[in-house]
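Engineer: Protein sequences, first through last, are from chains A and B.
For the first sequence, the working numbering gives the first residue as 430, with consecutive numbering after it.
For the second sequence, the working numbering gives the first residue as 430, with consecutive numbering after it.
No lab work stands behind these hints: they were computed from the structure.
It is possible that part of the hints are untrue.
Identical copies go unnamed one by one, so any copy, or any two together, can satisfy a pair.
[Unchecked claim] Subject to a maximum C-alpha distance of 30 angstroms in a straight line, what follows is the list of computed DSSO-like cross-link-like pairs (lysine-lysine): (1) 712 to 491; (2) 491 to 630; (3) 701 to 736; (4) 736 to 503.
Computed from a predicted structure; not experimentally measured.
For reference, the chains in residue letters:
There are 2 protein chains.
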Amino acid sequence: MPVASRAWWATPPPAHATHTHIVIGMADSTFFRNYAAEVRPLINAALESYTSFGADCPAHLKEAIRYSLLGPGKKLRPLLVLMAAETCGSTREDALPAACAVEMLHAYSLIHDDLPAMDDDDMRRGRPSCHAKFGQATAILAGDALLTLAFEVLARHQQPPQTAALCCAHLAAAAGAEGMVGGQADDLNAEFSNGDLAMLKHIHRRKTGAMIRVSVLLGGLVGGANNEQTGRLVAYGEKLGLAFQIVDDLLDFQGDEAAVGKRTGKDSARGKLTFPTIMGAEKSRAEAAALIQAAREQISPWGVRAKGFDSLATFVLERNQ
Amino acid sequence: MPVASRAWWATPPPAHATHTHIVIGMADSTFFRNYAAEVRPLINAALESYTSFGADCPAHLKEAIRYSLLGPGKKLRPLLVLMAAETCGSTREDALPAACAVEMLHAYSLIHDDLPAMDDDDMRRGRPSCHAKFGQATAILAGDALLTLAFEVLARHQQPPQTAALCCAHLAAAAGAEGMVGGQADDLNAEFSNGDLAMLKHIHRRKTGAMIRVSVLLGGLVGGANNEQTGRLVAYGEKLGLAFQIVDDLLDFQGDEAAVGKRTGKDSARGKLTFPTIMGAEKSRAEAAALIQAAREQISPWGVRAKGFDSLATFVLERNQ
């Protein structure tokens with residue numbers, strides 16, 4: 430249900446919610462973990478049904494697509510879509526096509542990034558990466574198919590069609606040459622270079638940030654967010670996305686291989702630019718914490734309705750604990 | 430301008446068009462060649478403007494994208510979009526976003542198909558293929574960016590948004606796991622196999638046919654075609670697409686390397702299934718001619734308005750002369 434254009438959170442909270450700020454101040458990751466546990470089965474069921482291809486899809490291609498899409502994973506991006514839609518007053522079911530589209534796009538990006546010609550990773554989420562299991566040709570095609578399917582699901586199932594077209598345009602801009610693909614291209618070139626912090630942030634704003642940013646944006650569009658709300662959601666997404674990347678770099682820098690599920694220490698070993706190698710681990714941790722605090726402030730006007738976002742912010746920081 | 434739902438071609442042609450069938454009976458490829466020469470600059474200018482990326486797109490990625498998209502090429506698919514839109518009563522300018530989208534999608538498919546892990550072609554249109562010139566990582570990313578951009582252009586610029594969403598859904602279905610990508614996956618697996626004609630047709634209906642079919646479909650949607658018109662356009666596209674592929678196989682089988690601009694005889698040499706290797710060259714030629722005749726019949730109710738389609742049918746056959 431679209432929200433009226435008035436800043437509705439400026440109205441006094443109902444009596445039972447007067448302890449909102451205390452709750453938010455104490456937010457831990459439990460709320461987000463519970464929300465994710467409740468909602469992930471919905472997302473997985475929708476992803477399953479969107480990839481139940483008929484006989485025109487070769488069996489090994491279908492298997493590779495579903496292996497990469499339906500395997501273990503945080504499903505962070507679709508959860509962001511659904512949380513944003515619900516925060517703005519829509520139902521999670523309304524936003525499922527957009528949520529599935531961002532997860533398909535994310536899955537494609539991991540498959541292609543892992544290829545030998547790119548990051549050359551043979552492990553992903555504790556299992557062989559797509560090309561390690563199915564071969565390079567099938568992995569390239571599975572990625573292509575997932576990228577294509579993201580737009581089909583969005584265009585065909587997101588309602589109304591005007592919102593679908595707008596979501597397609599924003600998702601493509603975030604994922605394309607000036608977004609995620611551009612960031613990955615610069616990241617590959619930045620290996621062994623003497624990049625600085627500005628360059629690293631420019632890469633990650635596009636490589637990982639753009640997709641997290643567009644996830645909350647799509648949820649907001651489905652939920653009928655007004656301009657101010659959209660601005661707050663996008664700012665939250667940008668700060669959360671950068672914090673998420675810093676924590677990812679920290680995990681690679683110091684993490685335990687078994688816990689992360691992919692080879693760690695690899696980025697530093699091959700001279701890839703990361704936040705801890707440029708800023709040191711301590712400053713990286715402080716930067717991530719400051720970003721998470723700033724992200725929290727953006728969504729504070731929603732009060733309890735944004736509790737999922739608040740709890741997720743804690744969750745992102747906790748990954749490094 | 431959308432066409433009324435009545436079968437408008439059932440009305441008598443105006444007096445000056447009474448020689449329609451004589452004209453069509455005599456159709457040669459001149460009309461299509463002239464049309465293409467007139468319209469290609471429009472298409473190229475639009476493709477140029479859609480790929481004038483800002484600083485967020487790395488320079489080498491932008492160069493690879495434009496090298497593959499703006500180089501020499503027939504631009505057959507965008508011409509089909511524009512002809513279909515004009516035949517149905519729209520202007521060619523109205524359909525330019527859809528026309529550019531199908532060309533971007535085609536360019537991406539060539540880049541990825543040429544990769545070493547796929548068809549392993551180092552030449553394309555008489556020049557080094559994308560990965561031969563820019564390296565594999567950049568080629569994979571340039572393909573990904575073009576695929577993504579196709580949907581951005583369609584979603585953002587095709588009007589109205591309902592048509593944009595519908596075009597995105599059809600284009601993605603044609604290009605995805607049950608369409609072009611599925612056909613390419615089966616084609617790679619069919620090498621050295623003892624496939625039959627049914628298998629070969631099943632591959633090509635998806636690998637090359639689906640994109641030609643959807644090109645006329647998108648033009649019809651933009652032009653406001655009714656159901657009967659859409660059916661005729663799609664049937665024309667299917668027959669033309671299969672004829673085009675048979676002629677392509679014949680060119681590889683017997684063609685002159687310099688004229689085709691890529692290595693010929695390669696498909697047969699590596700045991701790839703082709704029409705002449707299964708049916709022989711003579712039967713292949715007869716099949717292509719019969720398909721072209723059947724395609725012509727589909728568009729005959731439009732009379733002179735479909736002269737471009739009629740002339741194109743001749744053009745496709747002439748490629749093998």
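Engineer: Which hints from the list above does the structure break, by number from lowest to highest?
Structural biologist: 1 and 3
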